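Engineer: Sequence:
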Amino acid sequence: MTLYIGREASKLWKRICAETTTEINLLVDNWKYLLAGLVCQYIHGLAARGVHYLHRPGPTLQDLGFMLLPELGQDKAYMSETLFTFIFLSFFLWTFHPFILKSKKIYTVLVWCRVLSFLVFSQMLRILTFYSTQLPGPNYHCREGSKLATLPRPHSAVEVLFINFPRGVLYGCGDLIFSSHMIFTLVFVRTYQKYGTRRFIKQCGWLLAVIQSLLIIASRKHYTVDVVVAWYTVNLVVFFIDKKLPELPDRTSGNLPLLLPVSSKDKEARTKEENHKLLNGNSVDPADWRQRTQVNGKVLEDGNVHADNAMNGA
Numbered sequence: 001m002t003l004y005i006g007r008e009a010s011k012l013w014k015r016i017c018a019e020t021t022t023e024i025n026l027l028v029d030n031w032k033y034l035l036a037g038l039v040c041q042y043i044h045g046l047a048a049r050g051v052h053y054l055h056r057p058g059p060t061l062q063d064l065g066f067m068l069l070p071e072l073g074q075d076k077a078y079m080s081e082t083l084f085t086f087i088f089l090s091f092f093l094w095t096f097h098p099f100i101l102k103s104k105k106i107y108t109v110l111v112w113c114r115v116l117s118f119l120v121f122s123q124m125l126r127i128l129t130f131y132s133t134q135l136p137g138p139n140y141h142c143r144e145g146s147k148l149a150t151l152p153r154p155h156s157a158v159e160v161l162f163i164n165f166p167r168g169v170l171y172g173c174g175d176l177i178f179s180s181h182m183i184f185t186l187v188f189v190r191t192y193q194k195y196g197t198r199r200f201i202k203q204c205g206w207l208l209a210v211i212q213s214l215l216i217i218a219s220r221k222h223y224t225v226d227v228v229v230a231w232y233t234v235n236l237v238v239f240f241i242d243k244k245l246p247e248l249p250d251r252t253s254g255n256l257p258l259l260l261p262v263s264s265k266d267k268e269a270r271t272k273e274e275n276h277k278l279l280n281g282n283s284v285d286p287a288d289w290r291q292r293t294q295v296n297g298k299v300l301e302d303g304n305v306h307a308d309n310a311m312n313g314a
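Every letter in the sequence shown is one number past the one before it in UniProt numbering, and letter 118, counting from 1, is 118.
Each hint can be trusted.
Computed cross-link-like contacts, DSSO-like style, restricted to lysine-lysine with a CA-CA straight-line distance of at most 30 Å:
{"no.": "1", "residue 1": "Lys-102", "residue 2": "Lys-32"}
{"no.": "2", "residue 1": "Lys-194", "residue 2": "Lys-105"}
{"no.": "3", "residue 1": "Lys-102", "residue 2": "Lys-202"}
{"no.": "4", "residue 1": "Lys-202", "residue 2": "Lys-104"}
{"no.": "5", "residue 1": "Lys-194", "residue 2": "Lys-32"}
{"no.": "6", "residue 1": "Lys-32", "residue 2": "Lys-104"}
{"no.": "7", "residue 1": "Lys-104", "residue 2": "Lys-14"}
{"no.": "8", "residue 1": "Lys-76", "residue 2": "Lys-202"}
{"no.": "9", "residue 1": "Lys-102", "residue 2": "Lys-14"}
{"no.": "10", "residue 1": "Lys-243", "residue 2": "Lys-194"}
{"no.": "11", "residue 1": "Lys-14", "residue 2": "Lys-32"}
{"no.": "12", "residue 1": "Lys-104", "residue 2": "Lys-194"}
{"no.": "13", "residue 1": "Lys-202", "residue 2": "Lys-244"}
{"no.": "14", "residue 1": "Lys-194", "residue 2": "Lys-102"}
{"no.": "15", "residue 1": "Lys-194", "residue 2": "Lys-244"}
{"no.": "16", "residue 1": "Lys-76", "residue 2": "Lys-147"}
{"no.": "17", "residue 1": "Lys-102", "residue 2": "Lys-243"}
Pairwise CB distance ranges, derived in the manner of DEER restraints:
{"no.": "18", "residue 1": "Arg-199", "residue 2": "Thr-20", "range": "26 to 32 Å"}
{"no.": "19", "residue 1": "Leu-27", "residue 2": "Gly-58", "range": "44 to 50 Å"}
{"no.": "20", "residue 1": "Leu-236", "residue 2": "Lys-14", "range": "40 to 46 Å"}
If you're looking for bench data, these hints aren't it; they were derived computationally from the structure.
Being a predicted model, the structure only gives us computed values, none of them experimental.
Using N, Cα and C, we set each Cβ at its ideal position, and we do this for glycine too.
Start from the sequences and build out the full structure, keeping to the hints where you can.
Structural biologist: In structure tokens, the structure reads:
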């Protein structure tokens, strides 16, 4: 028994070491994209912090979701954050499962490059939207009479650049349309829908996304329009951006393409290769790109020898 456990532990350690080496090589090639995605996360947080200075509390707007869903109250408002934390941590851990499990379908670095690209485009649209019109926040700390509903004017640029995480995120106001929680949730669920292997988990993921939507509205953190707009905007963003990015490589092939679409030189090389295939038959071996002669509708090899034989009836 002890020998078996020791053998399995040795295999696991070798798997972790091999996977770490592979991911480090990918990180060296794609660190710029990951860094850019993380910087955009900070910019998004900075924009959400900035709109809080512009927020002015007022009467809560009439909302269909508020009429249909009972209000959870301040003592139960944590439920939506708890579910979101569970979804976030579950997806985060799943992206690192190739380091442990034998079933390796994804590369962690490449998956996070795609996820960050989806998040960045969605968040840029979100920033444009909530800066266009500031709505009175429906959350408890954003209503009239709350000291947190408005922020005093900053005294320095450092105060603006300091996001005050996580308090500034949890008690922000004004960044409403559309929901940032739903951006992360839908991006994570759609990513697992494409690259995950467990059908049951995929179904549970979509169910949790629906429950997350209802909890956000019931806890009065967002208006219903914030959630509805997030559902179709994020799905459209992921659909179109995913078509522009190259597909993740097959782990069994060992090919590691770049994250971004192929360059114009690569496209020209691929076009020439396809033209060779059309002219010379179906062979994909570059050594088989020999000059061929067409006689009486037939493609012949080795030039004039075969041509003469064909013409003489041989």
